[in-house]
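> Please put together the full structure from these sequences, using the hints given.
Chain by chain, the residues run as shown.
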Amino acid sequence: MKTKTNPFSKLFVKIIGDGKRQKFTIPAFTIILSLVVGCIVIAILGKNPFSALWNLLQGSGIAPKVRYAGGKSQLTDFFSFMNYWTPMIFASLSVAVALKAGLFNIGVSGQMLAAGFITTITIGYSTLSAPIAKPLVIIMALLIGAMVGALIGFLKYKFNINEVVSSIMINYIAEYVIAFFINTKFVDPVSRQSKTVSDASRLTLTGVKIGDLKIDIPLGIILAVIVAFLIKFIFDKTTFGYELKAVGSNRKAAKYAGINVGKNMIMAMAISGGLAGIAGATYYMGYFASIQPKVLASTGFDAIAVSLLGNSNPIGILLSSFLINIIGTGSTYMSSAAGLDAEIASVITGLILLFSACGAFIQYRVKKEKDKIEDAKKYDRKSDGEEK
Amino acid sequence: MNTVIIDGLSFALPLFVMAIGGIYSERSGITNLALEGLQGAGAFVGALVAILLMEQFGADSQLPYYAAMICAMLGGMVYAMVHAVMCIKFKANQVISGVVINILAMALTVFLTKAINRTVFGEPSDKFVLGVSAKWTIPGLSDIPVIGAIFTNIYPFEVIIIVIAAIAWYIMYRTKFGLHLRACGDNPHAVDAAGIDVAKVRFKAVMMSGALSGLAGMSFAYSISANYSSSIYVGYGYLSIAALIFGNWKIMPTLGACLLFGFAKSGGYQIVQAAGMPSAYSDLVMILPYVLTLLLLVFFSKHNNSPRALGEIYDKGKR
Chain A
4 MKTKTNPFSK LFVKIIGDGK RQKFTIPAFT IILSLVVGCI VIAILGKNPF SALWNLLQGS
64 GIAPKVRYAG GKSQLTDFFS FMNYWTPMIF ASLSVAVALK AGLFNIGVSG QMLAAGFITT
124 ITIGYSTLSA PIAKPLVIIM ALLIGAMVGA LIGFLKYKFN INEVVSSIMI NYIAEYVIAF
184 FINTKFVDPV SRQSKTVSDA SRLTLTGVKI GDLKIDIPLG IILAVIVAFL IKFIFDKTTF
244 GYELKAVGSN RKAAKYAGIN VGKNMIMAMA ISGGLAGIAG ATYYMGYFAS IQPKVLASTG
304 FDAIAVSLLG NSNPIGILLS SFLINIIGTG STYMSSAAGL DAEIASVITG LILLFSACGA
364 FIQYRVKKEK DKIEDAKKYD RKSDGEEK
Chain B
224 MNTVIIDGLS FALPLFVMAI GGIYSERSGI TNLALEGLQG AGAFVGALVA ILLMEQFGAD
284 SQLPYYAAMI CAMLGGMVYA MVHAVMCIKF KANQVISGVV INILAMALTV FLTKAINRTV
344 FGEPSDKFVL GVSAKWTIPG LSDIPVIGAI FTNIYPFEVI IIVIAAIAWY IMYRTKFGLH
404 LRACGDNPHA VDAAGIDVAK VRFKAVMMSG ALSGLAGMSF AYSISANYSS SIYVGYGYLS
464 IAALIFGNWK IMPTLGACLL FGFAKSGGYQ IVQAAGMPSA YSDLVMILPY VLTLLLLVFF
524 SKHNNSPRAL GEIYDKGKR
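So the sequences go chain by chain: A and B.
Numbered per our numbering, the first sequence spans residues 4 to 391.
Numbered per our numbering, the second sequence spans residues 224 to 542.
A couple of the hints might just be wrong.
[To be verified] Stretch by stretch, here's where chain B covers chain A in the computed footprint (C-beta under 8 Å, at least three residues):
1) 166 to 172
2) 340 to 351
3) 361 to 370
If you are wondering where the hints come from, they were derived from the structure by calculation, not from laboratory data.
Values in this document were obtained by computation on a predicted structure and should not be read as measured data.
Glycine included, each C-beta is placed from N, C-alpha and C at the ideal position.
Printed below as a string of structure tokens:
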């Protein structure tokens, strides 16, 4: 019996490659797949998909727009892109740390909100000077986020509560309790949001004049890149990182190997929560300067897509968050330029999520196809030998 | 007191039917965190059908209401197939798949609601306005003190849900299919050895959970706001998951959990209103079901025995 290999799957296997290369090719494949589906949706709506995608790049300051308002240029667009990118990186790293330990932190948005709110009312409304206030904001946000995260880890370890359920519950509790406090104590009667924080405590320098441009400079972006490399180091080079991964891949085996599973789970969630806390600080006290009650930041959910796409690898996340952020920030410009609803952006993000969740399947199929091809080769060789 | 019972029931029953869906899926071995997205997607289809029919038959007709219920079930069922395919065929991580499905459902329905409103109905709106649901009061029975409230101002969906819940209970515990389904969640290899297709049983179970969630979503859309918008995603799907964990993956105890949630919610509102507190305080009351969920889980999660093969990808070769 001769197994048939069709040339298409042969080509596919060749392109996807193996081992190391799959780390790049599979996410790239899922992105292309979801962009294609997104384009089809846009085309069905009667719009030109390619100009819509180009609008996304223009809105993010990566491609030049046709016309700019006074004090703005491609550079200002790119800086505001980075301003939104910063919390995204932290939030995605947060998801990634939890994922490495086999936990799914879907409560990033709630942790962001809790940390953002408490730092806002304590430091944001204080009269501290900038050199003290800014570091203090980050430290405080880190601690608050870590506390919430540790609580989720503790509930999981001690009471066997699914972390997804508990973190969603905490999301809603945070959302409503904080909305209550904002509406009763800290509301700005005009904007219906919390009062704006002091400029000294804000993590983004707004309206910095460079030449005739007015630029918003996000200070957190530097920290975000440093933290990404730091986490990469922790994952790859420390005992703690090793234990974390062991717990994530097989809890029972880790336990038999003498690893303290509970401690590692709680630590992983604490770090994850802490990172989410910093994301909250850079979001609510950087990108924004106030909190809208009863709204959870979509960043926390997009971060899941970013993290899956980046394979929970901190460096991969820097790349994938860049991509997802183009969709997020560019969508406003796209909706005005192409007349599409900005919500299409979240649909495309959702599709990327869906396809990247199938990553394991693609890997599996590629392996199967490859085995098939190799079998066929072996068979060919064997039958050649018999003929001689 | 009467309003507590009336509102409590109209909240608890949809929650219950969704939890039954969750039980079906989880007893068959597929973790289903997608309930939240399934109810939203199902309700979206139902609401769309309802407003299309309302244009045809006028706002007074009751036909759109029942059509909406049926179509919401179908919509939820079709959307649940995505979860089923991901978990069963593509062997994706079931927790991740569930969450992804929720996020995608929210993005898709919000986008489509807006797009359809603009292109089909020519108005910029992010919601479908549904007609007001009929309410039934059973004469005689409703005059009994206290218990009478159960028979006052019943939404028709409550009756539908009770009937469906009874059928679902019967299928689960009294039919061969139910037996196979429960076996799939505990020992899929044995089921396979008995010559039954595990994947097929699980697929059906997940589709069933989609149908029941769609019905629940449509009921929420009618009872809470009489319209369909993104406000349907307020975590009731997760609440029903908590209810079924608390109910130990069994249908009758889960009903108890759902009733508890329902009365906690309506009771809390009543207290805020009775005490004449400003509306901001209702935000605090809103957290009651969530806090209750966490507390209950703290006490009950550890002693519960979830289906043994829950969340495991079935692999024929693995022993």
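> Using a Cβ cutoff of 8 Å, are there at least 3 residues of the stretch 340 to 351 of chain A near chain B, or does the coverage claim fail?
holds (count 5)
> Given that the stretch 166 to 172 of chain A was listed as covered by chain B, double-check it with a C-beta distance under 8 Å for 3 or more residues.
holds (count 5)
> Against chain B, does the stretch 361 to 370 of chain A show at least 3 residues with beta-carbon separation below 8 Å?
Satisfied; 4 residues make the cut.
Every hint, counting from the list given before, is met by this structure.
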